[in-house]
Amino acid sequence: MPAFFTVDPHGGSPIYRQLTEQIKRAIAIGALLPEERLPTVKALAHELKLNPNTVARVYRDLEREGFIATAAGRGSFVRRNGVVGEARRAAATVAGTQIDAAVREARSLGLTHGEVRELADGSIARWFPEDAQERPS
Amino acid sequence: MITISSLTKRYKDVLAVDDVSLEVPDGSVCGLLGRNGAGKTTTFKCLLGFARPDAGAVRFDGAPLAPKTFERLGYVPERAQLYPWMTVAQHVEVVRRSQPRFDEARTRELLATFRLPAKRVAKKLSKGQQTALALTVALATNPSLLVLDEPASGLDPVLQRAVLDILIDAASSGATVLMSSHQIGQIDRAADRVAIMRDGKIVLAGEIDDLRAAAKIVEGTFEGGVPELSGLSGVVRIECSGTMLRAYANGGHEPIVARFDALGARGVRVLDRSLEDLFLDAVSDEGALR
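Residue numbers (our numbering), protein chains in the order written: chain A, 182 to 318; chain B, 776 to 1065.
In short, the hints are calculated from the structure, not lab data.
Be a bit skeptical, because a hint or two may be false.
With beta-carbon atoms standing in for the labels, derived distance ranges [what the hints assert, rightly or not]: (1) B:1036 - A:278: 50 to 60 Å; (2) A:300 - B:776: 32 to 42 Å; (3) A:291 - B:783: 37 to 47 Å; (4) B:798 - A:221: 23 to 33 Å; (5) B:875 - A:223: 53 to 63 Å; (6) A:189 - B:929: 21 to 31 Å; (7) B:871 - A:254: 29 to 39 Å; (8) A:253 - B:1017: 53 to 63 Å; (9) A:218 - B:899: 45 to 55 Å; (10) B:790 - A:300: 57 to 67 Å; (11) A:189 - B:931: 19 to 29 Å.
Straight-line distance between alpha carbons at most 20 Å, and here's what the computed SDA-like set of lysine to any residue pairs gives [what the hints assert, rightly or not]: (12) A:230 - B:931; (13) A:230 - B:888; (14) A:223 - B:800; (15) A:230 - B:894; (16) A:230 - B:937; (17) A:230 - B:958; (18) A:230 - B:948; (19) B:894 - B:862; (20) A:230 - B:778; (21) A:223 - B:802; (22) B:899 - B:887; (23) B:787 - B:830; (24) A:223 - B:830; (25) B:976 - B:862; (26) B:820 - B:776; (27) B:902 - B:958; (28) A:230 - B:1018; (29) B:899 - B:889; (30) B:843 - B:778.
Glycine is no exception: its CB is placed at the ideal position from the N, C-alpha and C atoms.
Same shape as in the complex, but just chain A (with noise of 0.2 Å):
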């Protein structure tokens, strides 16, 4: 197995959502590169105690995002896309839905326009420092 996955049925959100986004944080981090074979849908169905369907349907649904791309009989591969890459395309899908969650609970909880972009700024400041101290601002 090239990268560990793990669902757990009791937690939140549905196990193929849960898998799907494991997988396309897996090609974010590059623990799955460009052009690697995932697993069949059986052997990772048997390793996570899922039914294959399921699996399945994952697969399906990254295909048709197109993160990876299934050839008959050769099983299924992450693709390599251009020049922007399907692992910055994945991280920006994985970061974004998590940015666009925190947004909605700050308005959500009444924070103003300014005060969510001010946060976000300090988050930024405080990740990207190198960034900061080229520009100042």
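Chain A is already provided as a structure; the job is to place chain B on it using the hints.
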């Protein structure tokens, strides 16, 4: 494929199974859930011809139950039906002699997995070992149709995992499985669809992921008092606690979130629901979700 159409079974005054229809496609594992007495075992009995339904029909791969169906059908009843005086090895020997599709290697594998003592007679086996022997006998022919009533009862957690493996591998090989279980975590992993029974009826059925994707709780706080949410489609139940409101959605929670936002709700969250939540709702006495 297993197809149950409008199955009804009455015992005197009790409608044990009430107009049950259910389809389990090839390669699918369907979990039949319900409290004790909901009608699961009676459904299995009608399915296997041990009870004569008052109405309705059961089909395996499109054909009614016939002697040759048993060539590819594996069945584990609620209480393992074993010969108390026969040893484990003798039970296997019966299958070897009577079933043309007996798979020697597979059987040896199952006996080793379950660590069944070959020379012990069935009545001296523990409850879990009896279940394991019934499973071994049922699986010894690599059946493409599996009907399992509580296949993990009495098994320790390690062997429950082993049963999970067996079911998943069977489904991977294209087998059709209909199983009941009180282990919802096991159903959640092994099954791709469920049917939940209550008082002889199926009250909720479908693909687990679809059911879970549809069922959400939208939560928010309304400082100026909880508003009227009537006319909002997809809301199956509403709960209030002070200024906090929870709307139980079934299908399309986005419009509900939008309405919450439009009404000035604070702290709006969308909560997921587990299969166990859905099960408890479906069989609860309030019945608000039905």
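Q: Please flag the earlier hints that this structure goes against, numbers listed from lowest up.
A: 1, 2, 3, 5, 15, 20, 24, 25, 28
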